[in-house]
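**Student:** The lines below spell out each chain.
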Amino acid sequence: MTTMATALPQFPWLTLLIGLPLAGALLCLLQRRSAGECRWLALATTLATLAVSLWLFVTHGDGQSGWLLREDAAWIPRFGIRYTLALDGISLLMVLLTAGLHTVAVLIAWPEQRRVPLFMALLLMLESGLMGVFLAVDGVLVLFYLCWEARLLPMVFLIGIWGEEGRRRAAVRFFLYTLAGSLAMLIAMIALYLLYAAQTGAPSFALADLARTRLTLTQEYLLFGGFMLAFAIKAPLVPFHTWQPDALSESPAAGSVDLTGLLLKTGLYGMIRFAFPLFPHATRNSLPFLAALALLGLFHAAWNAYRQDDIKRILAYSSISHLGLVVLGLAAWNATAWQGSILLMVTHGVVTGALFAVVAMLRSRTGTRELAELGGLWGAVPTLSAFFLLFALASLGLPGLANFAGEILVLLGTFRSQPLWALLALPGLVFAAAYLLRLVQGMLWGPAPAARGMMADLTVREWLVLIPLAVLTVWLGLYPAPFLAPLAGPVQAALGGLP
Amino acid sequence: MNQTLLFLIPLLPLCCAVLNMLFGMRLPRLFAETLAVSGVAASFLLTLLFWGYADGDGTRAVLGTWLAVGDVTVPFALHFDALAAPMTLMVTGVATLIHLYAVGYMHEEEDYARFFGLLNLFVFAMLAIVLADNLLVLFLGWEGVGLCSYGLIGFWYQKTENARAGTKAFLVTRVGDVFLAAALLWLFALTGTLSIADINAQAASFTPAVLTALTVLLLLGACGKSAQLPLMTWLADAMAGPPPVSALIHAATMVTAGVYLLCRLFPLVSLSPAGMAAIATVGALTALYAATCALAQREIKRVLAYSTMSQVGYMFLAVGAGTVSGAMAHLLTHAFFKAALFMAAGCVIHLAGNENDILRMGGLFRRGPRELFWVFLAGALCLAGVPLTGGFFSKDGILLAAYTQGTPLFLALWGIGLLAALLTAVYTFRLVYLIFAGEPRGHMHPHELPLLMRWPLWPLALLGLGGGLLNLPTLVGGGEWLSHRLGPLAGRVLTAAHGTEWALAGLATGLVVLGWGFARWRYARFRGEWDNRASRFLLHGWGADALVDRLVVRPFAAIAGLCAIGCDRALVDASLDGLAKQTTACGERLRGLTTGRISTYLAGFVWGFLIILGWFLLALVR
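The listed protein sequences derive, respectively, from chains A and B. If you read the first sequence in this note's numbering, its first letter stands for residue 224, the second for the next number, and so on. If you read the second sequence in this note's numbering, its first letter stands for residue 75, the second for the next number, and so on.
It is worth saying that the hints were derived from the structure and are not from the lab. Accuracy of the hints is not assured; some may be wrong.
Distance condition first, Cα-Cα at most 20 Å in a straight line; then the derived SDA-like pairs of lysine to any residue [unchecked claim]:
1) B:233 to A:664
2) B:655 to A:399
3) B:233 to B:373
Now the in silico label distances, taken between C-beta atoms and shown as ranges [as the list claims (entries may be wrong)]:
4) A:406 to B:656: 13 to 21 Å
5) A:512 to B:659: 31 to 39 Å
6) B:540 to A:533: 55 to 63 Å
7) A:255 to B:104: 55 to 63 Å
8) B:105 to A:678: 25 to 33 Å
9) A:402 to B:666: 23 to 31 Å
10) A:414 to B:283: 45 to 53 Å
11) B:283 to A:402: 47 to 55 Å
12) B:659 to A:406: 19 to 27 Å
13) B:82 to A:606: 23 to 31 Å
14) A:593 to B:278: 52 to 60 Å
A short list of chain A residues far from chain B (calculated; beta carbon distances all over 10 Å) [what the hints assert, rightly or not]:
15) 273
16) 309
17) 398
18) 425
19) 435
20) 694
21) 703
22) 716
By construction, the Cβ of each residue, glycine as well, lies at the ideal position given by its N, Cα and C atoms.
Construct all of the structure, not just a fragment, from the sequences and the given hints.
**Tutor:** Structure follows, in structure tokens:
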């Protein structure tokens with residue numbers, strides 16, 4: 224802390240990342256603006272945030288360990304609560320992903336007609352909350368918890384107000400599930416705070432301080448469990464996943480992109496950032512258990528995806544299945560697998576986000592999500608279908624496209640430390656192909672339903688959404704180096720800091 | 075010259091593929107077609123130009139880094155050596171001719187950009203397999219050809235069965251890919267590198283058990299792509315694709331990728347005797363299995379598909395018997411004559427008005443263009459292994475290799491190979507007679523074939539006939555060019571007494587004559603085809619599809635149902651809903667207490683007071 228105090232005051236980039244979307248949200252709400260104005264305002268805000276994150280990525284993405292940027296100020300000194308934001312290589316990627324996907328989300332939400340100002344405001348608040356989760360790292364768990372909860376409400380409203388037929392049930396379920404997890408984390412957090420305060424007499428919420436708390440193994444397990452419950456529900460790990468297909472399929476398109484691309488990542492991010500370093504012994508001992516859950520989820524979700532008839536539910540389960548592989552990589556506990564896992568978090572965000580975007584575009588044309596009512600789309604909307612095929616192939620791990628780079632690193636790394644886990648995960652390749660090709664088959668191929676009228680292919684706005692995502696999909700597949708570079712240092716540090 | 079220019083060989087088709095996919099439909103048709111053909115033709119010419127680079131240890135080139143994490147470094151690198159060079163030349167050469175043919179065959183197809191884009195992309199992916207310097211680039215090509223095969227089998231996607239066949243091909247081959255991926259991971263864990271040359275060099279340090287396990291994994295990976303037992307069910311259905319696709323992907327190139335993989339890693343594979351025996355056994359059994367299936371098929375392309383499976387089986391047998399040069403010789407000649415046969419079959423289907431059923435053909439010798447007959451016959455003679463054709467020499471070399479191994483197992487496999495050779499002659503001449511002999515049994519539309527559908531067949535047919543020159547045995551005064559060219563990569567040197575060699579060749583010739591005689595007796599004049607349990611059994615490929623359906627597909631779907639409905643909906647959701655209901659019910663019951671009547675509250679107050687009092691008293695007593 225003292226070193227930071229003497230450091231030169233720098234421009235508060237990190238606060239800007241949180242503040243920009245929040246300001247945008249307030250501007251949308253405060254004055255009675257028209258729908259059109261709000262759309263442009265939201266787009267401008269997300270673009271500005273994206274520009275800031277890109278700038279940070281270009282200037283700081285060279286792979287050094289430690290904090291790349293840090294902002295620290297006293298907040299509630301009496302309880303040792305400080306306002307501290309910090310950025311390292313891992314959060315840098317997450318910030319970039321958040322900024323990028325939110326721009327996409329705003330563009331996808333463009334045709335929304337109902338209560339546009341509120342919609343855009345919620346979307347921007349969500350962005351702000353996500354930025355907070357990814358940045359509120361070093362100093363205050365309080366700030367992290369605040370942001371963690373701050374993401375919840377906008378999402379609940381997005382689902383509850385603009386969602387599809389089953390939105391009420393999905394929103395309530397999402398809310399309760401997440402809240403239950405959050406409460407467990409809150410209790411664990413306070414317990415840890417009290418234990419630390421009792422031991423040292425100097426209360427602090429700082430991650431670095433709390434990590435020095437002396438805990439018995441039982442205490443560690445209990446607290447670790449509290450944190451992990453929140454993260455496992457959010458990730459989601461099977462068997463805490465059943466809120467997710469509902470929430471994903473009932474939420475509006477922009478919400479689905481957000482949920483799958485970002486919100487789910489916060490659970491994994493929380494494990495990497497808080498649960499693992501705070502409770503090293505408990506982590507170490509529960510790695511096999513975590514791997515078992517990951518494998519269970521990988522296949523259970525894949526089988527589920529194979530059986531769904533609703534496109535969005537298929538994609539939702541495919542999402543859970545992919546995250547199983549991410550968690551497996553984390554559980555394998557070596558640098559290669561970890562970098563693969565984090566890269567996979569990013570690529571999965573891009574690819575699945577893109578798939579939900581395409582599905583939203585298709586839905587606005589066909590009016591259905593039922594696989595049985597679709598078919599023969601290639602003949603009707605070839606360009607849109609081609610994009611869908613591209614993203615589906617990326618999702619099933621075709622080499623040269625985004626997901627493969629992360630998946631193969633996870634597998635190579637996992638095989639080195641735990642050959643059996645990697646071998647058990649491998650059939651997932653066939654499973655992913657099975658449900659994704661079933662989806663492609665049902666949507667694109669076969670005869671077109673007789674009742675369907677003419678459909679227009681892509682509009683300019685849709686091109687603007689899909690082109691960058693497609694370029695990223697290929698880029699991440701062929702040249703992931705710029706996205707792997709920032710990870711080297713932090714991953715090494717995270718793994719080295721543990722027994 | 076800069077070695078990096080070698081990358082032009084695979085990248086030119088890739089560029090043309092991307093251009094065609096992005097802009098093809100906006101370009102004039104002629105332009106799109108020219109682009110597709112010239113990309114592949116340019117690769118072919120470049121391969122000739124760079125031929126010298128393959129001398130000695132070959133040439134390596136690196137384009138850039140693909141993945142680099144800690145000690146994992148995987149570059150985009152290629153290795154142009156004595157094994158890769160002939161394969162590259164074959165792939166690009168055959169592909170050029172097939173592209174030309176495709177321009178003729180698909181001239182009424184509206185979606186030409188997708189077709190040529192995928193076809194070019196396929197050539198790129200195949201070249202990535204052939205030229206790969208490390209296993210990950212090979213895997214890129216490996217999955218890439220699978221994707222193109224998927225897209226092209228289901229090219230006429232409006233018919234659901236076609237698209238289904240594509241999906242099936244992708245899934246079955248991906249099962250093989252899982253094993254290949256497992257081998258890849260394991261090799262990386264053992265050696266810390268993915269470079270094929272380094273892995274081969276370090277293979278000698280592995281324990282025998284590890285070597286055998288790795289060989290079996292590689293074999294299973296190869297089986298998927300090459301349609302060998304037990305992963306062979308997709309190939310016959312893959313015939314749903316257009317004939318040029320079948321000629322290129324499902325005859326000449328992709329299905330031989332498995333053989334090529336085993337040849338590439340031969341230094342590793344050959345260290346495990348048990349693994350080699352497994353490879354040879356799979357090959358021989360597939361050769362026999364597919365030959366029996368081909369006997370009863372009714373669709374012209376399915377006959378050829380099973381024959382491909384069978385011939386690739388011979389190549390596996392060759393690898394297992396230790397002769398890379400024998401496998402490669404058969405791979406190359408087979409590519410020529412089978413491509414010619416498939417393209418000729420495309421012409422036949424075209425002339426018969428899109429009729430596939432050979433039982434409803436016939437009479438094409440008299441009614442159709444004579445040229446087509448000669449080309450088809452040339453291909454058939456090679457396939458049947460008639461002496462002096464390319465197919466004869468290459469197949470004979472393989473059987474000789476199996477025979478000279480001398481162990482009981484290999485002698486048995488040699489016997490199986492001979493039996494399959496006999497059946498090959500039968501089904502090949504059955505095909506020729508049913509198509510060309512006698513009078514037409516269906517509707518014929520004899521008309522002039524377009525130029526582009528005629529002349530690309532000739533070079534291939536002639537190459538097939540003369541393919542023996544590639545590796546002409548010393549027995550008949552040849553120089554065994556391919557074996558010398560491959561040098562240390564060629565595998566075992568075959569040594570046999572001249573008398574044995576003559577005897578084996580004589581035996582093979584006798585079998586061909588026998589097979590031809592049977593086919594002539596049975597099919598020269600059409601008397602209807604057998605339709606009994608045995609023929610139906612063979613027609614359905616020994617019921618393999620039904621078996622896979624019962625053993626794999628249905629259990630998979632059943633477990634999926636269990637997971638979705640049994641577990642997620644019934645167990646997790648229901649228990650949560652139950653929890654929610656309990657909470658609500660609890661609230662309901664508690665609500666009953668808030669009646670609004672003072673008396674209830676008073677009673678509650680008194681009870682509470684009494685409980686607290688009692689508790690205090692208890693505490694005091696203690």
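**Student:** Could you run down the list of hints and mark each one as holding or not?
**Tutor:** Hints versus structure:
| no. | hint | verdict |
| --- | --- | --- |
| 1 | B:233 to A:664 | 11 Å, holds |
| 2 | B:655 to A:399 | 14 Å, holds |
| 3 | B:233 to B:373 | 18 Å, holds |
| 4 | A:406 to B:656: 13 to 21 Å | 18 Å, holds |
| 5 | A:512 to B:659: 31 to 39 Å | 34 Å, holds |
| 6 | B:540 to A:533: 55 to 63 Å | 59 Å, holds |
| 7 | A:255 to B:104: 55 to 63 Å | 59 Å, holds |
| 8 | B:105 to A:678: 25 to 33 Å | 28 Å, holds |
| 9 | A:402 to B:666: 23 to 31 Å | 27 Å, holds |
| 10 | A:414 to B:283: 45 to 53 Å | 51 Å, holds |
| 11 | B:283 to A:402: 47 to 55 Å | 54 Å, holds |
| 12 | B:659 to A:406: 19 to 27 Å | 22 Å, holds |
| 13 | B:82 to A:606: 23 to 31 Å | 30 Å, holds |
| 14 | A:593 to B:278: 52 to 60 Å | 58 Å, holds |
| 15 | 273 | 26 Å, holds |
| 16 | 309 | 24 Å, holds |
| 17 | 398 | 12 Å, holds |
| 18 | 425 | 38 Å, holds |
| 19 | 435 | 29 Å, holds |
| 20 | 694 | 12 Å, holds |
| 21 | 703 | 7 Å, violated |
| 22 | 716 | 14 Å, holds |
Violated hint: 21 only; the structure is consistent with all others.
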